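Read top to bottom, the protein sequences are chains A and B.
Counting in the working numbering, the final residue of the first sequence is number 292, and the numbers go up one at a time with none missing.
Counting in the working numbering, the final residue of the second sequence is number 526, and the numbers go up one at a time with none missing.
Simulated from the structure, these hints should not be mistaken for lab results.
Among the clues, some could well be false.
Here's a subset of chain A near chain B, in silico, CB distances under 10 Å, partners left out [as the list claims (entries may be wrong)]: (1) Arg81; (2) Ala83; (3) Lys163; (4) Ala167; (5) Asp174; (6) Ala178; (7) Leu180; (8) Met181; (9) Gly182; (10) Ile183; (11) Asn184; (12) Ser187; (13) Tyr210; (14) Gly285.
Here are the computed lysine-lysine pairs in the DSSO-like style, where the Cα-Cα straight-line distance is at most 27 Å [what the hints assert, rightly or not]: (15) A:Lys161 x B:Lys399; (16) B:Lys521 x A:Lys161; (17) B:Lys521 x A:Lys163.
Because the structure is a prediction, the values reported are computed rather than measured.
Glycine included, each C-beta is placed from N, C-alpha and C at the ideal position.
Residue-level listing of the chains:
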Amino acid sequence: MNEFLQQVINGLSLGSVYALIALGYTMVYGIVRLINFAHGDIYMIGAFIGFFTTRVLHLSFIPALILSMACASLLGVIIERLAYKPLRHAPRIAILITAIGVSFLIEYSMIWAFSPQPRAYPDLLANYQLQLAGLIITAQQLFILGIAIILMLGLHFLVQKTKSGKAMRAVSYDMDAAALMGINVNSVISFTFAIGSALAGAAGLLVGVYYNRIDPLMGIMPGLKAFVAAVLGGIGIIPGAMVGGIIMGVAESLVSGFLSSTYRDAVAFAILIIILLVKPTGLLGKRSVEKV
Amino acid sequence: MLQIEGLNVYYGGIHALKDLSLEVEQGEIVSLIGANGAGKSTTLNTISGLVRAKNGKILFKGQSITSMPVHDVVKAGIVQVPEGRRVFANLTVRDNLELGAYLRRDKAAVAADMRKVFRLFPRLEERQSQLAGTLSGGEQQMLAIGRGLMAAPQLLLLDEPSMGLAPMLVREIFRIIQEINKMGATILLVEQNAHMALAIAHRAYVLETGRVVLSGPAKQVLEMDEVKKAYLGG
Ligand SMILES: Nc1ncnc2c1ncn2[C@@H]1O[C@H](COP(=O)(O)OP(=O)(O)OP(=O)(O)O)[C@@H](O)[C@H]1O
Ligand SMILES: [Mg+2]
Chain A
1 MNEFLQQVIN GLSLGSVYAL IALGYTMVYG IVRLINFAHG DIYMIGAFIG FFTTRVLHLS
61 FIPALILSMA CASLLGVIIE RLAYKPLRHA PRIAILITAI GVSFLIEYSM IWAFSPQPRA
121 YPDLLANYQL QLAGLIITAQ QLFILGIAII LMLGLHFLVQ KTKSGKAMRA VSYDMDAAAL
181 MGINVNSVIS FTFAIGSALA GAAGLLVGVY YNRIDPLMGI MPGLKAFVAA VLGGIGIIPG
241 AMVGGIIMGV AESLVSGFLS STYRDAVAFA ILIIILLVKP TGLLGKRSVE KV
Chain B
293 MLQIEGLNVY YGGIHALKDL SLEVEQGEIV SLIGANGAGK STTLNTISGL VRAKNGKILF
353 KGQSITSMPV HDVVKAGIVQ VPEGRRVFAN LTVRDNLELG AYLRRDKAAV AADMRKVFRL
413 FPRLEERQSQ LAGTLSGGEQ QMLAIGRGLM AAPQLLLLDE PSMGLAPMLV REIFRIIQEI
473 NKMGATILLV EQNAHMALAI AHRAYVLETG RVVLSGPAKQ VLEMDEVKKA YLGG
């Protein structure tokens with residue numbers, strides 16, 4: 001039982017990182033019906049920005065977090081403007097292939113510029129542990145979970161309560177009708193990419209801190225898993241991405257704890273296959289749903 | 293106030309508007325009637341910028357709006373209440389109305405307009421925190437019109453506001469359209485219900501397969517034999 005709870009605790013912080021990445025997939029999908037395959041790479045860039053701001057500029061955690069988020073968000077907006085916007089009325093397959101192309105471009109530019117060697121992250125957070133009824137919780141885990149929760153609450157407030165959030169939901173529901181309200185649809189789309197990418201950037205930094213190593217291809221696996229998490233929760237549904245991410249993290253942690261860590265990456269795909277067979281709209285998906 | 297000259301619109305190979313010209317003067321209600329597929333919605337969507345003309349000119353208060361982005365057309369003062377309501381089902385009634393006022397910064401005037409909308413449609417006030425998707429069809433139509441009013445339009449484009457409503461409510465909607473006009477908005481009204489549309493309009497245009505075939509003061513159009521036969525059931 002303790003072993004089980006311990007794995008759940010380990011899974012929670014991992015899951016909250018998946019949730020942060022999954023939110024970007026789901027928000028972008030909700031607005032433009034596009035799976036942004038470069039999203040995992042934006043997360044990777046976030047991790048690298050965190051690395052350089054702390055290693056080279058010697059900033060502390062919070063300024064590094066803010067810079068990672070800002071740069072990731074800028075990158076997301078640039079990708080949208082240059083790669084996706086010109087294709088907004090093109091066939092879906094063209095956009096999908098472009099997204100994959102953008103992903104490769106970022107990955108291999110980073111390999112070219114910084115070599116494929118993994119880098120060690122500096123210790124940004126205190127490294128002590130809490131013991132609670134036989135369970136071990138590290139300060140890092142608490143920190144990651146805490147930051148993720150704060151960001152998600154912030155997002156929830158933004159989307160539900162602010163004027164920009166309402167405009168976002170309107171665009172996601174009916175783009176033309178939203179334009180007829182005087183909403184600049186292009187700005188809302190950019191804004192959505194900015195927010196989604198900022199969350200991925202934050203996730204990148206958090207993972208860098210947690211696993212202590214980063215490399216230019218680090219975005220591929222978490223990107224795929226977060227995508228599955230978004231589908232699991234119901235693609236396009238914000239709370240779905242949060243739930244899906246947590247489930248994904250906990251499931252992965254349980255499998256690597258009780259079966260073998262060699263299966264940990266298989267979990268995501270097993271979940272994807274099951275959800276596509278049993279409930280393709282995802283856990284929170286209904287037939288007519290709110291899409292952002 | 294609005295001048296359209298020689299407008300041609302295509303959907304791929306379909307020639308939807310053919311050399312269309314029409315004019316709306318400040319303070320008028322102008323009705324645009326025609327059979328299904330005549331190009332009425334296309335006309336309104338081209339004015340709003342949702343559909344682009346191949347050639348031709350659209351002037352609003354003397355300024356060209358022919359290639360303006362949709363949101364700038366709204367900013368200029370032209371607001372469309374689209375066909376089929378198109379309310380944001382995932383938002384509350386109040387949020388829908390607030391989005392209607394998206395571009396306005398004058399909080400006090402927006403609040404006053406909100407009260408005005410609630411006075412015209414008391415039903416909306418009772419249901420302001422309900423999701424728009426759960427309203428009845430007629431209530432959604434009220435919301436769509438109310439949302440349009442929240443933008444404080446100078447020119448209001450209404451696309452079939454009476455569609456799918458019970459006869460009682462149809463009369464009510466037309467009465468409200470007249471009231472909106474009296475409060476200062478100029479109106480371009482697209483309607484299937486030619487009787488009512490001609491009864492409240494100052495002038496009218498009849499559209500047939502993308503072309504204006506008749507136009508004139510609404511009372512005269514109402515008396516024309518071709519119109520009686522084709523749109524007024526005898
Ligand atoms: N998005 C589109 N793609 C292709 N053809 C279109 C499109 N929208 C309209 N059309 C065509 O253009 C013509 C005019 O359509 P429009 O919607 O303007 O008619 P309407 O007068 O509003 O008809 P209704 O009274 O049925 O609403 C029709 O033949 C229609 O099939
Ligand atoms: Mg129509």
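Here is what the structure says about each hint:
Below 10 Å, beta-carbon pairs count as interface contacts, and arginine 81 (chain A) has none with chain B, the closest being about 16 Å; its hint is therefore violated. Interface restraint check: alanine 83 (chain A) against chain B, minimum CB-CB distance 21 Å, threshold 10 Å, status violated. This hint holds: lysine 163 (chain A) has a C-beta 7 Å from the nearest C-beta of chain B, less than the 10 Å allowed. Interface hint status for alanine 167 (chain A): upheld, as the beta-carbon distance to the closest one in chain B is roughly 7 Å, under 10 Å.
A hinted interface residue such as aspartate 174 (chain A) counts as satisfied when its beta carbon comes closer than 10 Å to some beta carbon of chain B; here the least separation is about 6 Å, so the hint holds. Residue-level restraint check for alanine 178 (chain A) holds (minimum Cβ-Cβ distance to chain B is 8 Å; threshold 10 Å). Taking 10 Å as the C-beta contact cut-off toward chain B, the hint placing leucine 180 (chain A) at the interface holds, the least distance being around 5 Å. Interface restraint check for methionine 181 (chain A): the shortest CB-CB distance to chain B comes to about 5 Å, inside 10 Å, so the restraint holds.
A least Cβ separation of about 4 Å between glycine 182 (chain A) and chain B falls short of the 10 Å threshold, and the interface hint therefore holds. Residue-level restraint check for isoleucine 183 (chain A) holds (minimum Cβ-Cβ distance to chain B is 6 Å; threshold 10 Å). With a cut of 10 Å, the hint placing asparagine 184 (chain A) at the interface with chain B holds, because the nearest CB-to-CB distance is about 5 Å. For serine 187 (chain A), the shortest C-beta to C-beta distance to chain B is roughly 9 Å, which falls under 10 Å, so the interface hint holds.
The beta carbon of tyrosine 210 (chain A) is not positioned within 10 Å of any beta carbon in chain B (closest approach about 36 Å), and the interface hint is therefore violated. With 10 Å as the threshold, the beta carbon of glycine 285 (chain A) stays out of range of chain B, its nearest partner Cβ sitting at about 14 Å, so the hint is violated. With a C-alpha separation of about 17 Å, the suggested pair lysine 161 (chain A) and lysine 399 (chain B) falls inside the 27 Å cut-off, and the hint holds. For the hint linking lysine 521 (chain B) to lysine 161 (chain A), the alpha-carbon distance of about 53 Å lies beyond 27 Å, and the restraint is violated.
Taking the CA atoms of lysine 521 (chain B) and lysine 163 (chain A), the gap is near 50 Å; set against the 27 Å cutoff, the hint is violated.
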